[in-house]
Amino acid sequence: MSAVIPAKLPIDDATEKQLGVGEKRLEHGVAVRTKKRLTSRTATIAALIIAALWTLPTFGLFISSLRPAELVNTTGWWTIFQNWGFTLDNYAQVLQAGSGTLNLAGAFVNSLAITIPATVFPLVIASLAAYAFAWIDFTGKNWMFIAVFALQIVPLQMALVPLLSLFSRGVQAGDTEIFSGLNASGSYAQVWIAHTIFALPLAIFLLHNFISEIPRELVEAARVDGAGHGQIFFRVVLPLTMPAIASFGIFQFLWVWNDLLVALIFADGAVAPMTKLLAEITGSRGQDWHLLTAGAFISILVPLIVFFALQRYFVRGLLAGSTKG
Amino acid sequence: MSHFLNWVATFNPLVQIVLVVLAFLLVIAALLFFVEIAPRSGRRYTIIRLAVCISVPLIVMLALGSVLWAAAIAAVLGGLFFILDYRAKAGSGYMFQLVGFLAPAVLLLAVGLIYPSVKTLFDSFLSGRGNWVGIDNYVWIFTQPEARRTVLNTIVWVLIVPAVSTIFGLAYAVFIDKSRGEKIFKVLVFMPMAISFVGASIIWRFVYTARPADQEQIGLLNQLVVWLGGQPVQFLQNSPWNTFFLIVVLIWIQTGFAMVVLSAAIKGVPAEQLEAAELDGTNAWQRFINVTVPGIRSSLIVVLTTISIASLKVFDIVRTMTAGANETSVIANEMYTQYTTFELGRSAAFAVILFVLVTPIIVYNARQIKKQREIR
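Order-wise, the sequence lines are chains A and B.
Residue numbers for the first sequence follow this note's numbering, so the first one is 1 and each next one is one higher.
Residue numbers for the second sequence follow this note's numbering, so the first one is 1 and each next one is one higher.
Here chain A stands alone, though its shape is the one from the complex (with noise of 0.2 Å):
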């Protein structure tokens, strides 16, 4: 479980309304007219206290993990003036540290290999689904959506231990093998095909939010220039929802990438993730100040890119996730 989860609770219309008006406000910077004749100094202060406090331990994590690793193991790191000296070499030791079978460069490898297909995944077969729910009628197709809803607040927890049990030995009706299991421990695959499960309730929820709101005029007239269900999904519906499969996909990216529970049940020994090999590293080398911090430090560093690069979509993402109903 990651730190990002984008809201998901239904709210009413009005309060829809207030948010997106709050969010066009904050885009196009509106509120600077009230803004000045509001401005107090007693908020700024506030503000900057919490922003320091919510910022330090950070700071000091980088701080120190540029710092030797005697100076690092055994002063603070607000006495820098004092000690001085900075290095690369934590950083160039905790990418060879690790287990027997795995050093933290091969887990930075093993995080990228993992994420990018578990985010590719679910948002294709996520919008498919969205695409039936919003644009072909059948009947049972509400309370379907419901299920679909309803599925995304079952716990992962609920499900983990099956799911490994089916990957590893497969599925026996009787004496006859139906599913033989995936016998593909060494690969990413466990990993990549429990993601994109878990994914699916939630992106098919968002998804068809934004895919039922295309005018169905656009749809219609695909239709009538003789475009099937598949070209119209292809052509009108998969352009014009990109912005938010881009909101979702990042969101998806973070979750996967700073998985651990996932990870420390399907990906075993050589295939870890970073997330799982600090973990690991934390446990039997908890002292190492040095070795520690400079792996936090990489292994949240894919997410701060890509968190300081698409901050538009993310914030945005966040507000349609918790306005969208």
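Note that these hints are calculated values from the structure, not bench results.
Note that the structure is a prediction, hence the values are computed from the model and not measured.
None of the hints are false.
Lysine to any residue pairs mimicking SDA-like chemistry, simulated, CA-CA at most 25 Å apart:
(1) Lys-141/A <-> Tyr-94/B
(2) Lys-141/A <-> Phe-82/B
(3) Lys-141/A <-> Ile-214/A
(4) Lys-141/A <-> Val-124/A
(5) Lys-178/B <-> Ala-277/B
(6) Lys-119/B <-> Pro-360/B
(7) Lys-178/B <-> Ile-49/A
(8) Lys-89/B <-> Met-144/A
(9) Lys-183/B <-> Leu-53/A
(10) Lys-183/B <-> Leu-48/A
(11) Lys-141/A <-> Ala-222/A
Following the hints, position chain B against chain A.
This is chain B only, laid out in the frame that chain A set:
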């Protein structure tokens, strides 16, 4: 299937990404192609539909490693589906399209989420060796002091984290609304949300580290204690306070979420209302309590419930910082611990308890949807 996966696994991980994504997109492209041509009339298309209906289940079953006659049954079912589709009221090819779009998601959800959840529910009545033990696992959880402590801790998490994060987030949103450089302020508090729980745990373990009193402290918090004239404290070892120090980490993360949503909500409160209240001679605090807070009520509820779910399921923080030692364990962590010691029944029972605790929120959600539908 496993051959393909094992073949893929022999490559460099980065090549694997490309290979597997390409293979996946090819399958989806084929799916879209057949969906597109499905409703077309004419003999040729009917034959194509029939071929797809029979061959796809066959290939899928064989790929999954099924025996031949099981795969043959699947193919026959596919053929039956073809006839059903052929006679569909909405014209032949209609059901074919529908299934094409829905089947991947529905199958994955059924096999990967619904079946395992039911299995877990069933498993919670079995012992670790697979014998039927009735409700013994649940009795164990609610009678063993350690297990009871786990449940209690989870409740403490759920009571504290949503309330405190929301209050901090709301206060901060109000403060930055009235100060310059709002965007930068926002980013600073929001940033922890992008960091993994594991990363956050390491950051805070570093803040909490303690060294013997005669040495220099390297943890910020203990340095503060020493500066104030105290003795260094083992923050993560002394129960019951250690749970609160773990809770701080989740608050640190979730405040950013609360702040962003509430900040947008506050800006959506009509300025006229605030001005009217001001003309009535109210002070800032009265305006905040009587105008702003009622105005953002439903956003507040969204934030509170979302953070409640996150705190119920908290796992990574406890796992990384203490692994549940010194009476800090929570339900999600205990579920994993029992699994690693092969007590599958107890593990399942913990999962079920977690599910039961989340259920009120599902019911609440369902009600909200219904309300919303009625409004529309």
